[in-house]
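*Asks:* Following the hints, position chain B against chain A.
Residue numbers (my numbering), protein chains in the order written: chain A, 1 to 623; chain B, 1001 to 1623.
These are computed hints drawn from the structure, not numbers from a lab. Keep in mind that the hints are not guaranteed to be accurate.
[Said to hold, decoys possible] Straight line, CA to CA, 27 Å or less: simulated DSSO-like cross-link-like pairs of lysine-lysine:
id, chain 1, residue 1, chain 2, residue 2
1, A, Lys470, B, Lys1219
2, B, Lys1008, B, Lys1217
3, B, Lys1588, A, Lys586
There are 2 protein chains.
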Amino acid sequence: MAGGYNGKLLWVNLSDGSLSTEELSELFCRRYLGGAGFVSYYLLKEVKRGIDPLGPDNKLIFALGPVTGAALPGSGRNCIGAKSPLTGGFAKAEVGGFWGAELKRAGYDAIIVEGKAERPVYLRIHDGEASLHDAGHLWGKSPKEAQNSLRAELGDERIRVAAIGIGGENQVRYACIANDLRNFAGRGGLGAVMGSKNLKAIAVRGHKMPAVAQPEKLKEYRTWLLENITLMEGFRKYGTGGAMERFEANGNLPIHNFRDGVFPDAKLISARTIKDTIRTGMEGCFACPVRCKKVIEFTEPYPVDPDYGGPEYETLAALGSNCGVGDLKALAKANELCSAYTLDTISVGGTIAFAMECFEKGLLTTGDTDGIELKFGNVDAMLEMIDRIARRKGIGELLAQGTARMAQEIGGGSQAFAMGVKGLEAGMHEPRLKAGLGLGFALHPSGADHCGAMHDELFSAEGRDLERMKSLGILEPVPADDLGPRKVSLLRYIQQGRSIGDSLVLCSFFPYDYQQVAGIISAVTGWNTGVVEMMTTGRRILTLARLFNTREGFTASDDRLPARFFSPKTGGALSKSAIDPEKLEKAKHYYYLLMGWDRETGVPLPETLEELDIPWAVEEARA
Amino acid sequence: MAGGYNGKLLWVNLSDGSLSTEELSELFCRRYLGGAGFVSYYLLKEVKRGIDPLGPDNKLIFALGPVTGAALPGSGRNCIGAKSPLTGGFAKAEVGGFWGAELKRAGYDAIIVEGKAERPVYLRIHDGEASLHDAGHLWGKSPKEAQNSLRAELGDERIRVAAIGIGGENQVRYACIANDLRNFAGRGGLGAVMGSKNLKAIAVRGHKMPAVAQPEKLKEYRTWLLENITLMEGFRKYGTGGAMERFEANGNLPIHNFRDGVFPDAKLISARTIKDTIRTGMEGCFACPVRCKKVIEFTEPYPVDPDYGGPEYETLAALGSNCGVGDLKALAKANELCSAYTLDTISVGGTIAFAMECFEKGLLTTGDTDGIELKFGNVDAMLEMIDRIARRKGIGELLAQGTARMAQEIGGGSQAFAMGVKGLEAGMHEPRLKAGLGLGFALHPSGADHCGAMHDELFSAEGRDLERMKSLGILEPVPADDLGPRKVSLLRYIQQGRSIGDSLVLCSFFPYDYQQVAGIISAVTGWNTGVVEMMTTGRRILTLARLFNTREGFTASDDRLPARFFSPKTGGALSKSAIDPEKLEKAKHYYYLLMGWDRETGVPLPETLEELDIPWAVEEARA
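Same shape as in the complex, but just chain A (with noise of 0.2 Å):
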């Protein structure tokens, strides 16, 4: 069947109020899929070397995929890009919720915002017809409050809202943007971009249908799931976070800044926890039947709004056992307080353990901290460095500029334990127990992102994702803190075949294997494509982001893991496993070469960017 398949991108220009249309043509969205394969081109393309991602040089890319809006779980999705506040480098990150579907309805794939507006401003998206309109009175405002503001004046319920709260306003380095008050675009620090700009929010409203190719073949795939939802029972029950136990057991769960392998008070904190105490409910994203999110309501010592959802495992981990909070109502707390001021809570754990740590050692003292006793366990502090985060307010001004930064600033060998790599905070994984992880860490384009990496535990042992593996042609199970070629090579495939969700755009925790995946993009636009194409289109989006970190002068030097994952954790079941430098090195190396990148220096070979159909980024890359 002829595909036809194609997009429709908006431009909007804040400096001068312009907007525009781009059709693109169908062997363009062959070519960059969508979602993260838009965003990387994107950013090779428009963005110019070493510009203030601050500043109106930067631009703000909002990118659907194929599948969005489709008929199919996991399809409400987008992803969101620019040059990252944080790192200085390649940026993106997907949100899930119902705001994608709804700007596909709306009629447009993608929406590249560009310049920066005088003052405040939001832009709405109406059935293919887009406008900008002041926004000074939502300034200042929650998402919660911006959308409803946003849903009573232009008096439709049902329109769906991207917004930035005080956080991405005050331009926090890891500010995030948020979908739906309850979804977050959250690495990197595109919600400070956003509010640079000036922008407020993205109202959209759509109602027309996305063509799918072959409804009856993508139907298919909707059944299989239904008839395997048991595969994610644990995420219909729990949503994230129910195994934060065995996490704690295993070594997985990071503690007191990465450092410790002990905290007795991980039950305390866990999902199934949540689901017996403070839980009333489970809601979910468009089309999707797991409904792996959680509701939660109470309101003593403090009243929570349930209309910013539960805490997410990442959130518990990075704002609990990660800062040595047990306390699951602050948690939850502090998880509403991060949605309200759009913080990503990943970066803002990690920023908090990080002072905690430091002030512990005394390289922050009272005197920096406003007079906290930034400790470890100290539920109040936490709280308060949130707000303080949001506000830039004493010592949040050191604190929004992220781990990086700070440890720069901090000094006092502080850099071996700020937990991050190219800036970025590190998800909330460990690299000790799952070395592949580690070393997609270190080769993620933006950082230590937990999304793009792998969980080497599912390989090493028989099971789906095994099976998956050998479909790959690696034949036997990898063991988890394994670096060798196969682990390599596996990364990569994880790290392309990730691309390609996320430029669907596609909810990563369905358990479709890479054939089925070829199934629906296949289903969805009618080409007769498979899993060689979509590893090859991951190599393509991969090496975009690769060449657009190395024109900012990121080298092979960046890519590597913070100096506290090369010893053991403090007790626990990692107190004799760390990560051996030496390995991880020749790992990576390995990996460049896989990648078509000169196998020194990781920089990608013209030939490489020639065989995957990108010629032009050949001069860009020197541009």
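*Replies:* Just chain B, lined up with the frame of chain A:
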């Protein structure tokens, strides 16, 4: 569905007459697949460095694959391999007919023949029982006489026979092995190896249908083929060689030892002319509805035995246009002679054409040629040469060594037009028209084998092959004369994909795309496999073959084309086209990189061997 697919190997030691069987595990079968994969594995593992290809230390490997004997067109085939007496390196060839399917039904998936029998023997396999028998009465006979004799004395007209004629017995370096009289494992001198072992024939009979994991799914692929049989209309109508005139016009047809571009008699030797003149019918292989094999018959000026079938394109070109011969009946006779003697028609044609050019240049004289006027177009000389080669009589002794050894002996700059690679005479297609074919000739482990090569023009315009290419992520046509990175990437996929076809062992004429082939593997074995695994397995197989050659002393400098391809043809469509040797070198080294071989030397990297699950090969390569 669980797989459970596995295999059974028969070890035959001709030196001591011992026979034994070995079970091949499912993991082994998945890793090396069968056919070409088994050959690559066992040649590296079992044949020691530097042994005489025609001595008892060489091993002759017959291997079936997962689809062999299944109810699927093209599944009657098998692969045969050994160290080549022609190239001194890796040799394998696939062969059609019925013998492969019969061996599968007899309960075996592979045979390894070791040592050397004191006197001529044949191997009999009957429903899982193997035995060696005296073949003194068959020695000196044609495959037809041998087959008839065996069927009569064993009292079973349905016995299938693989056998050699006197070319194999006399160890002509490019003797081949015949299945069912009409199908040949042609390239590399496997028949000479069989002859050197005093093994005349393998007679097989079996009654056990091979198991298929998902018969209904397999049936879908058979049905698809039957429903799309028009895709093979040319083959059904003419067999190979129907495009002879087109090939002459576009320059693909080798003429006068690849020297010239015009051959007005092309029409006379076309399969279209065969259909209109000497053809009496068409025949097919096991389970195949296409029936692409010509049956011919005539009695004047000499009788031709219809049991040997009619000439294929490669034969018509090698002994026809390439020797300047436009006499169709002479070519049919030449084909019969080569069949009865079991000589590879491509190498026969290549050596005769080379000798003719040497003769015309005065590098050979009638003093060398037993008085024969060995000029291009001399029909009688061509026929006479075949006889002398098979008997190694007079000038035939020289020609029986192949062009590479001839050029060494003859000297006088003749190497520049000794049209082979690594000593294997080139298949009858033109690198100056199809640059990727040239690159494939240079890189194929067997030498200038057209079977593992590509036909570039298929990927330079819209059509099924371009669609197949797109499914690999190469989205736009690649010009036929291009040698850039996209072409290199395409070639390696084609070579890897062909390695899978040769391992299954599945006929290469079927228009299945890669997804379908993966589906066929899955249907037969029950493995949840896909095209990435196929390509990885293909890379594993090619890497094993590469290591075999490396161990035998081949280096990157052996991956080269004869100098003639760097200059245009005399006259015709390619009178201004040539391969650019610098571009070829660059492409070669990028190919190494994509394969995970050292980019400079072409030696597989130790990391690649680990990645490909063949760490044992690290040691083996050093042995």
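*Asks:* Indicate, hint by hint, whether the structure satisfies it.
*Replies:* Now for the hints, and whether the structure bears them out:
Taken as a hint, the Lys470 (chain A) and Lys1219 (chain B) pair is honoured in the structure, with Cα atoms around 25 Å apart against an allowance of 27 Å. At most 27 Å may separate the alpha-carbon atoms for a hinted pair to count; Lys1008 (chain B) and Lys1217 (chain B) meet this at roughly 25 Å. Simply put, Lys1588 (chain B) and Lys586 (chain A) have alpha-carbon atoms about 26 Å apart, close enough for the 27 Å limit, and the pair holds.
Consistency with the previously given hints is maintained throughout, with no hint failing.
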